[in-house]
Amino acid sequence: MKEEIRKLVSLQDLDKKIYDLNKEKAQQPALLNDIQVEFEAKKARFKALEEARQKIQIKQKEKEIELGTKEDGIKKTQGQLGQLKTNKEYNAKLSEIESLKADKSIIEEEILRSMDEIDTLKKDLDAEKKALEADELTFNEKKNVTLSRGKEIDSTLKDLDGKRTILAGSVDKKILGSYEHILHGKEGVALVKVENTSCGGCFMSVPHQVINEIKMHERLINCDMCSRILYLEEDIQA
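Residue numbers for the sequence shown follow the numbering used here, beginning at 55 and rising by one.
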C-alpha cells in the first residue's frame, strides 16, 4: 500500500497541474472576448466622434446654403428699393431688409459655433486616433500573448496526459478507481497529506486513531469530512 501511495502522490501532482491548466484553458475564450470588447469599445468611441463631426459639417453646409439664400434675398430686396413709389412701401422694404440681415447675423453666428465645434472635435479625433493606434498595438499584443499561451497549454497538457497514462497504468486498478472517483469532484485534489494532525484538503482535525490507521497501510484512509485520501509524510520517504 505504501508503494501505491507513492504512486498516487506522483499522480496527484500531475493531476493538479492538468486541472489547473484545463481551468486556465477554459478561461481563454472569455479572456479573448474581454480583450476584443475593450478594443471595440475604444473603436466605437472614435467612430462616435467622427460621426459627430460629420453631422456638424453637414449642418454647417446647410447653414452656409441658408446664408447664401439670405444674402441673395438682401441683394434682391435692396435692388427693389429704387422701384418703390411711396414712403410706406420704402419703409416696409427696409424693415424686410433689416429682418433678413438679422437672420443672416444669426446664421453667421451658428456657422462660427459649428466651426469652433468642428475644430474641437478635430483635436479630439487626432488625440483619439493616436490613442487608438496605441490601443490597437496593445490589443494585438495581448491577443497574441493569449493565443500563444493557449498553444503552450495544449502542448503541456499533451505531455502531462502522456505521463499520466503511463503512471496511472502502474497503479492498482481498484485503488486508481477510488482515487479518480474522488478526483472529479474535488477540484483536481483527491489525495492530501496530514499536516499537524489536520487534513491538507479541508483542514479539519484528523483523530489519532485515523492517523494510526494510515500508518498501518492496510487500506486507503479517507478524511471523514471531505472524503479525500489521506497520507503521511513518512509514506513518501525512502
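Check before you lean on any hint, since a few could be wrong.
[Claimed, not checked] With a straight-line cut-off of 30 Å between C-alpha atoms, the simulated DSSO-like cross-links for lysine-lysine are:
1) LYS56 <-> LYS240
2) LYS97 <-> LYS71
3) LYS217 <-> LYS183
4) LYS240 <-> LYS77
5) LYS142 <-> LYS155
6) LYS228 <-> LYS197
7) LYS147 <-> LYS158
8) LYS196 <-> LYS109
9) LYS96 <-> LYS240
10) LYS70 <-> LYS177
11) LYS177 <-> LYS77
12) LYS70 <-> LYS184
13) LYS101 <-> LYS115
14) LYS115 <-> LYS177
15) LYS184 <-> LYS77
16) LYS124 <-> LYS96
17) LYS183 <-> LYS196
18) LYS97 <-> LYS212
19) LYS155 <-> LYS117
20) LYS147 <-> LYS115
21) LYS96 <-> LYS129
22) LYS217 <-> LYS228
23) LYS130 <-> LYS115
24) LYS109 <-> LYS96
25) LYS158 <-> LYS130
26) LYS71 <-> LYS269
27) LYS113 <-> LYS184
28) LYS117 <-> LYS61
29) LYS212 <-> LYS70
30) LYS227 <-> LYS240
31) LYS205 <-> LYS96
32) LYS212 <-> LYS56
33) LYS79 <-> LYS184
34) LYS61 <-> LYS158
35) LYS269 <-> LYS79
36) LYS70 <-> LYS158
Since the hints were derived computationally from the structure, they do not count as laboratory data.
Treat the numbers as computed from the prediction; the structure is a model and nothing was measured.
Query - 30 Å limit on alpha-carbon distance, applied to hinted pair LYS115 and LYS177 - result: 20 Å, holds
Query - Hinted pair LYS61 and LYS158, Cα distance within 30 Å - result: Given that 30 Å is the threshold and the Cα spacing comes to 92 Å, the pair is violated.
**Report entry** Holds or violated: LYS240 to LYS77, with C-alpha atoms at most 30 Å apart
**Finding:** 13 Å, holds
Requested in this report: Mind checking the alpha carbons of LYS217 and LYS183 for me, to see if they're no more than 30 Å apart?
Outcome: Violated, at roughly 51 Å.
Query raised in the report: Has the given pair, LYS212 with LYS70, been kept, meaning a C-alpha gap of at most 30 Å?
Result: 15 Å, holds
Query raised in the report: Is the straight-line distance between the alpha-carbon of LYS70 and that of LYS184 30 Å or less?
Result: 45 Å, violated
Report task. For the pair we were handed, LYS109 and LYS96, check the Cα-Cα distance against 30 Å. Result -> Since the Cα atoms of LYS109 and LYS96 sit roughly 20 Å apart, the hinted pair holds (cutoff 30 Å).
Report task. Quickly compare the C-alpha distance for LYS158 and LYS130 to 30 Å and report which way the hint goes. Result -> 14 Å, holds
**Report entry** Pair hint LYS184 and LYS77, alpha-carbon separation not exceeding 30 Å
**Finding:** 37 Å, violated
Query raised in the report: Is the hinted pair LYS177 and LYS77 satisfied, with a Cα-Cα distance of at most 30 Å?
Result: 45 Å, violated
**Report entry** Satisfaction of hint between LYS71 and LYS97, Cα-Cα up to 30 Å
**Finding:** 39 Å, violated
**Report entry** Holds or violated: LYS96 to LYS240, with C-alpha atoms at most 30 Å apart
**Finding:** With Cα atoms ~41 Å apart, LYS96 and LYS240 exceed 30 Å; violated.
Consistency note: the structure conflicts with the earlier hints numbered 2, 3, 6, 8, 9, 10, 11, 12, 15, 16, 18, 21, 28, 33, 34, 35 and 36.
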